[in-house]
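Undergrad: Fit chain B to the supplied structure of chain A, relying on the hints for placement.
For the record, the sequence lines run as chains A and B. With UniProt numbering applied, the first sequence covers 1 to 554. With UniProt numbering applied, the second sequence covers 1 to 554.
Don't read these hints as lab results, they were simulated from the structure. One or more of the hints may lead you astray.
Since the list gives no way to pick out one identical chain from another, each pair is judged satisfied if it fits inside one copy or across any two copies.
[Unchecked claim] With a Cα cut of at most 30 Å, we get these calculated DSBU-like pairs of lysine-lysine:
{"id": "1", "residue 1": "Lys278", "residue 2": "Lys443"}
{"id": "2", "residue 1": "Lys100", "residue 2": "Lys9"}
{"id": "3", "residue 1": "Lys281", "residue 2": "Lys5"}
{"id": "4", "residue 1": "Lys29", "residue 2": "Lys193"}
{"id": "5", "residue 1": "Lys278", "residue 2": "Lys101"}
{"id": "6", "residue 1": "Lys74", "residue 2": "Lys212"}
{"id": "7", "residue 1": "Lys100", "residue 2": "Lys74"}
{"id": "8", "residue 1": "Lys100", "residue 2": "Lys281"}
{"id": "9", "residue 1": "Lys156", "residue 2": "Lys189"}
{"id": "10", "residue 1": "Lys395", "residue 2": "Lys443"}
{"id": "11", "residue 1": "Lys281", "residue 2": "Lys101"}
{"id": "12", "residue 1": "Lys29", "residue 2": "Lys212"}
{"id": "13", "residue 1": "Lys281", "residue 2": "Lys9"}
{"id": "14", "residue 1": "Lys532", "residue 2": "Lys5"}
{"id": "15", "residue 1": "Lys122", "residue 2": "Lys74"}
{"id": "16", "residue 1": "Lys395", "residue 2": "Lys122"}
{"id": "17", "residue 1": "Lys443", "residue 2": "Lys96"}
{"id": "18", "residue 1": "Lys425", "residue 2": "Lys535"}
{"id": "19", "residue 1": "Lys100", "residue 2": "Lys278"}
{"id": "20", "residue 1": "Lys156", "residue 2": "Lys29"}
{"id": "21", "residue 1": "Lys535", "residue 2": "Lys5"}
{"id": "22", "residue 1": "Lys535", "residue 2": "Lys212"}
{"id": "23", "residue 1": "Lys122", "residue 2": "Lys435"}
{"id": "24", "residue 1": "Lys156", "residue 2": "Lys193"}
{"id": "25", "residue 1": "Lys278", "residue 2": "Lys5"}
{"id": "26", "residue 1": "Lys532", "residue 2": "Lys278"}
{"id": "27", "residue 1": "Lys9", "residue 2": "Lys278"}
{"id": "28", "residue 1": "Lys535", "residue 2": "Lys9"}
Predicted model, so just to flag it, every value in this text is computed and none were measured.
2 protein chains.
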Amino acid sequence: MQKEKVWDKLSTDTEERMNAANELFSDRKVVPSQNGVALLEAVIRAGDRINLEGNNQKQADFLAECLGSCDSEKINNLHMVQSAVPLPIHLDIFDKGIAKKLDFAYGGPMAAKVAEFLREGKLELGAIHTYLELFARYFMDLTPRVSLICAYEGDKDGNLYTGFNTEDTPVIAEATKFRQGIVIAQVNKLVDKVQRVDIPGEWVDAVIESPKPFYLEPLFTRDPANITDTQVLMGMMALKGIYGEYGVQRLNHGIGFFTAAIELLLPTYGNELGLKGKICKHFALNPHPTMIPAIEDGWVESIHSFGGELGMQKYCEARPDIFFIGPDGSMRSNRAYSQTAGHYATDMFIGGTLQIDKYGNSSTATASRVAGFGGAPNMGCDAKGRRHVTDSWLKCGAEFEDQAALLGDMPRGKRLVVQMQETFKEKMDPSFVEKLDAWNLAKNANLDLAPVMIYSDDLTHIVTEEGIAYLAKCRGLEERMAAIRGVAGYTEVGLSADPKETKTLRERGIVKTPEDLGIDRSRANRSMLAAKSVKDLVDCSGGLYEPPARFVNW
Amino acid sequence: MQKEKVWDKLSTDTEERMNAANELFSDRKVVPSQNGVALLEAVIRAGDRINLEGNNQKQADFLAECLGSCDSEKINNLHMVQSAVPLPIHLDIFDKGIAKKLDFAYGGPMAAKVAEFLREGKLELGAIHTYLELFARYFMDLTPRVSLICAYEGDKDGNLYTGFNTEDTPVIAEATKFRQGIVIAQVNKLVDKVQRVDIPGEWVDAVIESPKPFYLEPLFTRDPANITDTQVLMGMMALKGIYGEYGVQRLNHGIGFFTAAIELLLPTYGNELGLKGKICKHFALNPHPTMIPAIEDGWVESIHSFGGELGMQKYCEARPDIFFIGPDGSMRSNRAYSQTAGHYATDMFIGGTLQIDKYGNSSTATASRVAGFGGAPNMGCDAKGRRHVTDSWLKCGAEFEDQAALLGDMPRGKRLVVQMQETFKEKMDPSFVEKLDAWNLAKNANLDLAPVMIYSDDLTHIVTEEGIAYLAKCRGLEERMAAIRGVAGYTEVGLSADPKETKTLRERGIVKTPEDLGIDRSRANRSMLAAKSVKDLVDCSGGLYEPPARFVNW
Numbered sequence: 001m002q003k004e005k006v007w008d009k010l011s012t013d014t015e016e017r018m019n020a021a022n023e024l025f026s027d028r029k030v031v032p033s034q035n036g037v038a039l040l041e042a043v044i045r046a047g048d049r050i051n052l053e054g055n056n057q058k059q060a061d062f063l064a065e066c067l068g069s070c071d072s073e074k075i076n077n078l079h080m081v082q083s084a085v086p087l088p089i090h091l092d093i094f095d096k097g098i099a100k101k102l103d104f105a106y107g108g109p110m111a112a113k114v115a116e117f118l119r120e121g122k123l124e125l126g127a128i129h130t131y132l133e134l135f136a137r138y139f140m141d142l143t144p145r146v147s148l149i150c151a152y153e154g155d156k157d158g159n160l161y162t163g164f165n166t167e168d169t170p171v172i173a174e175a176t177k178f179r180q181g182i183v184i185a186q187v188n189k190l191v192d193k194v195q196r197v198d199i200p201g202e203w204v205d206a207v208i209e210s211p212k213p214f215y216l217e218p219l220f221t222r223d224p225a226n227i228t229d230t231q232v233l234m235g236m237m238a239l240k241g242i243y244g245e246y247g248v249q250r251l252n253h254g255i256g257f258f259t260a261a262i263e264l265l266l267p268t269y270g271n272e273l274g275l276k277g278k279i280c281k282h283f284a285l286n287p288h289p290t291m292i293p294a295i296e297d298g299w300v301e302s303i304h305s306f307g308g309e310l311g312m313q314k315y316c317e318a319r320p321d322i323f324f325i326g327p328d329g330s331m332r333s334n335r336a337y338s339q340t341a342g343h344y345a346t347d348m349f350i351g352g353t354l355q356i357d358k359y360g361n362s363s364t365a366t367a368s369r370v371a372g373f374g375g376a377p378n379m380g381c382d383a384k385g386r387r388h389v390t391d392s393w394l395k396c397g398a399e400f401e402d403q404a405a406l407l408g409d410m411p412r413g414k415r416l417v418v419q420m421q422e423t424f425k426e427k428m429d430p431s432f433v434e435k436l437d438a439w440n441l442a443k444n445a446n447l448d449l450a451p452v453m454i455y456s457d458d459l460t461h462i463v464t465e466e467g468i469a470y471l472a473k474c475r476g477l478e479e480r481m482a483a484i485r486g487v488a489g490y491t492e493v494g495l496s497a498d499p500k501e502t503k504t505l506r507e508r509g510i511v512k513t514p515e516d517l518g519i520d521r522s523r524a525n526r527s528m529l530a531a532k533s534v535k536d537l538v539d540c541s542g543g544l545y546e547p548p549a550r551f552v553n554w
Numbered sequence: 001m002q003k004e005k006v007w008d009k010l011s012t013d014t015e016e017r018m019n020a021a022n023e024l025f026s027d028r029k030v031v032p033s034q035n036g037v038a039l040l041e042a043v044i045r046a047g048d049r050i051n052l053e054g055n056n057q058k059q060a061d062f063l064a065e066c067l068g069s070c071d072s073e074k075i076n077n078l079h080m081v082q083s084a085v086p087l088p089i090h091l092d093i094f095d096k097g098i099a100k101k102l103d104f105a106y107g108g109p110m111a112a113k114v115a116e117f118l119r120e121g122k123l124e125l126g127a128i129h130t131y132l133e134l135f136a137r138y139f140m141d142l143t144p145r146v147s148l149i150c151a152y153e154g155d156k157d158g159n160l161y162t163g164f165n166t167e168d169t170p171v172i173a174e175a176t177k178f179r180q181g182i183v184i185a186q187v188n189k190l191v192d193k194v195q196r197v198d199i200p201g202e203w204v205d206a207v208i209e210s211p212k213p214f215y216l217e218p219l220f221t222r223d224p225a226n227i228t229d230t231q232v233l234m235g236m237m238a239l240k241g242i243y244g245e246y247g248v249q250r251l252n253h254g255i256g257f258f259t260a261a262i263e264l265l266l267p268t269y270g271n272e273l274g275l276k277g278k279i280c281k282h283f284a285l286n287p288h289p290t291m292i293p294a295i296e297d298g299w300v301e302s303i304h305s306f307g308g309e310l311g312m313q314k315y316c317e318a319r320p321d322i323f324f325i326g327p328d329g330s331m332r333s334n335r336a337y338s339q340t341a342g343h344y345a346t347d348m349f350i351g352g353t354l355q356i357d358k359y360g361n362s363s364t365a366t367a368s369r370v371a372g373f374g375g376a377p378n379m380g381c382d383a384k385g386r387r388h389v390t391d392s393w394l395k396c397g398a399e400f401e402d403q404a405a406l407l408g409d410m411p412r413g414k415r416l417v418v419q420m421q422e423t424f425k426e427k428m429d430p431s432f433v434e435k436l437d438a439w440n441l442a443k444n445a446n447l448d449l450a451p452v453m454i455y456s457d458d459l460t461h462i463v464t465e466e467g468i469a470y471l472a473k474c475r476g477l478e479e480r481m482a483a484i485r486g487v488a489g490y491t492e493v494g495l496s497a498d499p500k501e502t503k504t505l506r507e508r509g510i511v512k513t514p515e516d517l518g519i520d521r522s523r524a525n526r527s528m529l530a531a532k533s534v535k536d537l538v539d540c541s542g543g544l545y546e547p548p549a550r551f552v553n554w
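So that you can see chain A by itself, here it is in the shape it has in the complex (with noise of 0.2 Å):
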């Protein structure tokens, strides 16, 4: 026989490690903030694995400082498993020496600070992640030691509030606490009673009033005033040949201008082809401003989110009929599902990239920019899993021509994916490269693969100035390769193109320019956006909508 084995060695270091931190509380679950660094002192151990929640919008920043106020002769080598690193204090953690590995999703305004730091050693890559693949592995071989967390409001017992920005902290949450790890959240407010339960008090070890509200960025957020023609045009073009097309009901929308002006063509164009109640009822999205006049003109029946965006708040809490409100009247996103939405039950994704290659795959890294693509992955795929049938992912699939290849006669669907770029970006920086970035990142960071956004096989349209190029309907991938060539202007890529090809192309109806679409290009303008201002969707939404101060200019 064995020796005796032991098999709570997790919980047994757990209570030793809260039990140094036992002097600090103040009240049951209550850290004053001045302890905050001392208490991850107590609690945190070199090499730990830890969260640190913080996505593109909510940061636990207080909690972020007091880690990066750790004495690093303590505490070091952490291996650090975050939605998000947007934050100077995330890569400062590292440069003081306290972490020493990243698992993550998305690095935003910190992405070529984390490709400086990997070149420089002071920085080790676990690997670049679709948020809902990072929290997948919360549950398999990245959970973590201790996390730290942030809410609205926290009460005695660690019963904690996240309301509107609920976003990422009930994953991770569950993850640690139930294998026996450490929870400490920061909040914005201490309470005696929270306005409603959204994480039990038990997951959570211990609850600091932050000296300020935790740090929300207005990602989605985007002034109608900056849209332009051209976006216009391609947002007609998508409406028409692509929502319209395939009736499209189900869907999420990402960041960025082009999605923002098909939101708000939808009251104008999108009226004008007939198209309310057949496409766009069903959405995974944050509360984008821009949905605003959609919404009011009665296009949508649901909202899920992902998180908050900053402004909204009293406008969702005014239409629970379409957002996800909670018995006490205050909204509740929810990263994890709204991801698990996008991969599952929608039947587009459409979004921008940076860079699409000759073949189809495309990126938004860049040689020195270790950038992270967010949820894109996870929603910008053809979810294999899925067998619920809908007519515009039954119609994609049949007109892939190449399933045979791959299924012999079984019939199957296909995801809407497509990408939206116009040929050329700002800088004349051109969209369509014979060979991404991403393949110098991946050598400048000593990447296994190229970070790849949206893989070929998954890509069933670009939407460009030029037109629309019909992956899906290609036979093979030299065609696949023209058709790209057809709607890619006067970039390399395009200037290769052979103009008879093309031709062909767009009589199969493979590549269509906005004229095979029927779309009159001189209507195409800023006229037909039904706000052409932060003002205008503040008034559209009466008063309800309250921007942040930036984006205000009246």
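TA: For chain B alone, kept in the frame of chain A given last:
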């Protein structure tokens, strides 16, 4: 300007319904069980979308009986959205005209009845989903109006303890309650204070103590006494030729004797191959009793579970370093998160099927059974949104011959998706067929597509008693079909194999027989199993495993 719009129809309607039920409550949120039918008649309206909790394990059976006892003159044409329909009452509800439409994931023992009702027009099928996909739609276009859920304990404020069998409850409750819906819970025991808050009281509208504990099915218990020598042989092949070959550390095991055999070979053959610490470290897995010897032998680092398994509760609680155990000392399962882990964080899915066609598409559907596939499509597919790299994923992608036709020169990994099946099943039904019976089901049940569990392009390996077919290594569909023929034995598909072609495939390592793998057939027998009976499993667990009576014969 438009006329004044109403944006709170849902909450107004909910309030009206709850008011109608007002006098049925005895104390705060408590409704006596004899008022169960009256409660449902008060809060449910004809045509409602209703969730009735019940997966392949725990069942809200009392509430199902209550629903089945409602007056079909009042309550009819319900649209049921529920994970599974394994109980007779689930179909009775349709028989009585109370429900009309069904969206689900798993039929289990009622699969034939579902097909029958479809033919007779008693039931209209929305779609067959994989679990996570159905959950996804709860946040998109299939949000329940009323959900009938179940828990071990509930208190007067609606707080629920769902513990070991938390399973689907959190995702159902959140989707329903936050879209202004009504959540009714049956509990085994009404208590003053629940052991642990799994569902906050505010998410629950009514709690009913059911007359008897909810039904639990020990679906994942396999008696080692019933494992055959052939299953041992195939298990040895899989361990050496796939688990060991690819170094599979993170995985799921489905239901069945093939994977039960593998679990029981880890402490014997697995150790002999020197694989401990190199494979099978992290699982998304129900607490299979046949995992006990491998856990005790130190193979496993973590297991996150979809649900509980009858008899395994004490064992799991005594192994908190392995399972996900809460602060109260009891386990919390979670199907939504475990399926997410199964989709995005595992390197391999392995399981059995009923039929594989000549192209490699497989299904458990037959002409007269609407079976559904539970979690299999979610885990038995290539997760295209995945971006993190592991050795096994990278290796399978590198040997995937057809990748260049899809992606050009862009490399990508590939998940291992393995089907294990003897070439003939009981009654000598061939496992390999020209055309799946699923085609006939599609015709009989008027489905848009034949229900396929795993599509050919996701399948990477087939293991039969003849050998392993390494499908990802094949060049094109024709060669993949030849490899399938090469392991299909004396089935019609297998008999059409060209021996010369199979020989070439063996030389190229695309087909490997036990001899090619260096496995001595004479050793492939039950003596290799680490436990040969349920009694052995109990002993190995130190008496912690308490098997259900039907498995106890000593």
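Undergrad: Taking the hints in turn, state whether each one holds.
TA: Status of the hints after comparison with the structure:
1. Lys278 <-> Lys443: between (47 Å within a copy, 28 Å between copies)
2. Lys100 <-> Lys9: Classified as within; 24 Å inside a copy, 52 Å across copies.
3. Lys281 <-> Lys5: between (56 Å within a copy, 18 Å between copies)
4. Lys29 <-> Lys193: both (14 Å within a copy, 20 Å between copies)
5. Lys278 <-> Lys101: The answer is between: 22 Å across copies meets 30 Å, while 48 Å in one copy does not.
6. Lys74 <-> Lys212: within (27 Å within a copy, 54 Å between copies)
7. Lys100 <-> Lys74: Close inside one copy (14 Å), not across copies (64 Å); limit 30 Å.
8. Lys100 <-> Lys281: between (45 Å within a copy, 24 Å between copies)
9. Lys156 <-> Lys189: both (11 Å within a copy, 28 Å between copies)
10. Lys395 <-> Lys443: Answer is between; shortest inter-copy Cα gap is 19 Å, intra-copy 40 Å.
11. Lys281 <-> Lys101: between (42 Å within a copy, 21 Å between copies)
12. Lys29 <-> Lys212: Within one copy, since 20 Å is at most 30 Å while 38 Å is not.
13. Lys281 <-> Lys9: between (50 Å within a copy, 17 Å between copies)
14. Lys532 <-> Lys5: Only across copies: Lys532 and Lys5 sit 23 Å apart there, 68 Å inside one copy, limit 30 Å.
15. Lys122 <-> Lys74: Answer is within: at 18 Å inside a copy they meet the 30 Å cutoff, but 68 Å across does not.
16. Lys395 <-> Lys122: between (49 Å within a copy, 29 Å between copies)
17. Lys443 <-> Lys96: within (26 Å within a copy, 65 Å between copies)
18. Lys425 <-> Lys535: Result: close within a single copy only, 28 Å intra versus 69 Å inter.
19. Lys100 <-> Lys278: Between copies, since 24 Å is at most 30 Å while 51 Å is not.
20. Lys156 <-> Lys29: both (5 Å within a copy, 25 Å between copies)
21. Lys535 <-> Lys5: between (67 Å within a copy, 21 Å between copies)
22. Lys535 <-> Lys212: So Lys535 and Lys212 pass the 30 Å test inside one copy only (29 Å; across, 60 Å).
23. Lys122 <-> Lys435: For Lys122 and Lys435, only the intra-copy Cα distance (29 Å) is at most 30 Å; the inter-copy one is 57 Å.
24. Lys156 <-> Lys193: Classified as both: same-chain Cα gap 9 Å, cross-chain 18 Å, threshold 30 Å.
25. Lys278 <-> Lys5: between (62 Å within a copy, 21 Å between copies)
26. Lys532 <-> Lys278: within (25 Å within a copy, 59 Å between copies)
27. Lys9 <-> Lys278: Between. Shortest inter-copy distance 22 Å satisfies the 30 Å Cα cut-off; intra-copy 57 Å does not.
28. Lys535 <-> Lys9: between (58 Å within a copy, 28 Å between copies)
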